[in-house]
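Trainee: Here is how the chains run, residue by residue.
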Amino acid sequence: DTGVSQNPRHKITKRGQNVTFRCDPISEHNRLYWYRQTLGQGPEFLTYFQNEAQLEKSRLLSDRFSAERPKGSFSTLEIQRTEQGDSAMYLCASSLFVEQYFGPGTRLTVT
Amino acid sequence: DQQVKQNSPSLSVQEGRISILNCDYTNSMFDYFLWYKKYPAEGPTFLISISSIKDKNEDGRFTVFLNKSAKHLSLHIVPSQPGDSAVYFCAASVSSGGGADGLTFGKGTHLIIQP
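Protein sequence lines, in the order shown, are assigned to chains U and B. Counted from 1, the first sequence has number 78 at position 65 by my numbering; the numbering is strictly sequential. Counted from 1, the second sequence has number 93 at position 81 by my numbering; the numbering is strictly sequential.
These aren't lab readings, by the way, just hints derived from the structure by calculation. Check the hints yourself; a few may be wrong.
[Claimed, not checked] Here are the simulated DSS-like pairs of lysine-lysine, each with C-alpha atoms no more than 25 Å apart in a straight line:
1) B:Lys17 <-> B:Lys119
2) B:Lys68 <-> B:Lys80
3) U:Lys70 <-> B:Lys119
4) B:Lys17 <-> B:Lys66
5) B:Lys17 <-> B:Lys83
6) B:Lys50 <-> U:Lys24
Based on the provided sequences and hints, a complete structural model is requested.
Mentor: Structure below.
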């Protein structure tokens, strides 16, 4: 299967800990996006990359959130000093044109 | 302020009939619209899209209609099947450089297909 993959699928962490999620896009896609989805809402755009360049990061929720895509392939999303309000599904998507294809998501629970 | 609105949280349709899901947007800069289907505990699955230069796009049982003057789009599913039961999200984007910026999503409509 050559779809978007995300790891881990589930993460439980204690408040104040740092967490990092990984996304592997579809191999020929040059754009990679991160979203957050909470219960009853649609996905909320956070940031995106074209190759290794981060083209939009003003929508990251706070300075505790950061993302990298060092070699233009996989990407990581890090949340520092997690808070209970960070509990959500974190989704990654990739695209070659306008249509974005999503991975299965990482479910974060902050206790 | 919600730029993409799906005003029906849920919709129940009989198997074999037509399902019509609606979506409204407010941002005139949006020039590409997409529909996604989502099952619980999975990521959204791309269904169909439409550029603002068109008013209709069809793919099998799925047809999307766009009314730019009304800032309204709809997804028609004919005939509806039990496997279509899911949450459907409308999304909009501003295209750039052959791709698009981040998508703006509505809150979704839960479609239930009754046997």
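Trainee: The structure should be examined with respect to each hint, and the outcome stated for every one.
Mentor: Structure-based check of each hint:
1. Between the alpha carbons of Lys17 of chain B and Lys119 of chain B the distance comes to roughly 7 Å, so the proposed pair stays at or under 25 Å and holds.
2. Proposed proximity of Lys68 of chain B and Lys80 of chain B is supported: the alpha carbons are some 11 Å apart, at most 25 Å.
3. Restraint check for Lys70 of chain U and Lys119 of chain B: satisfied, since their Cα atoms lie roughly 23 Å apart, inside the 25 Å limit.
4. Taking the CA atoms of Lys17 of chain B and Lys66 of chain B, the gap is about 21 Å. The hint holds against a cut of 25 Å.
5. For a cut-off of 25 Å, the pair hint linking Lys17 of chain B to Lys83 of chain B stands: about 11 Å separates their Cα positions.
6. A hinted pair counts as satisfied when its Cα atoms are at most 25 Å apart, and Lys50 of chain B with Lys24 of chain U qualifies at roughly 21 Å.
Every hint, counting from the list given before, is met by this structure.
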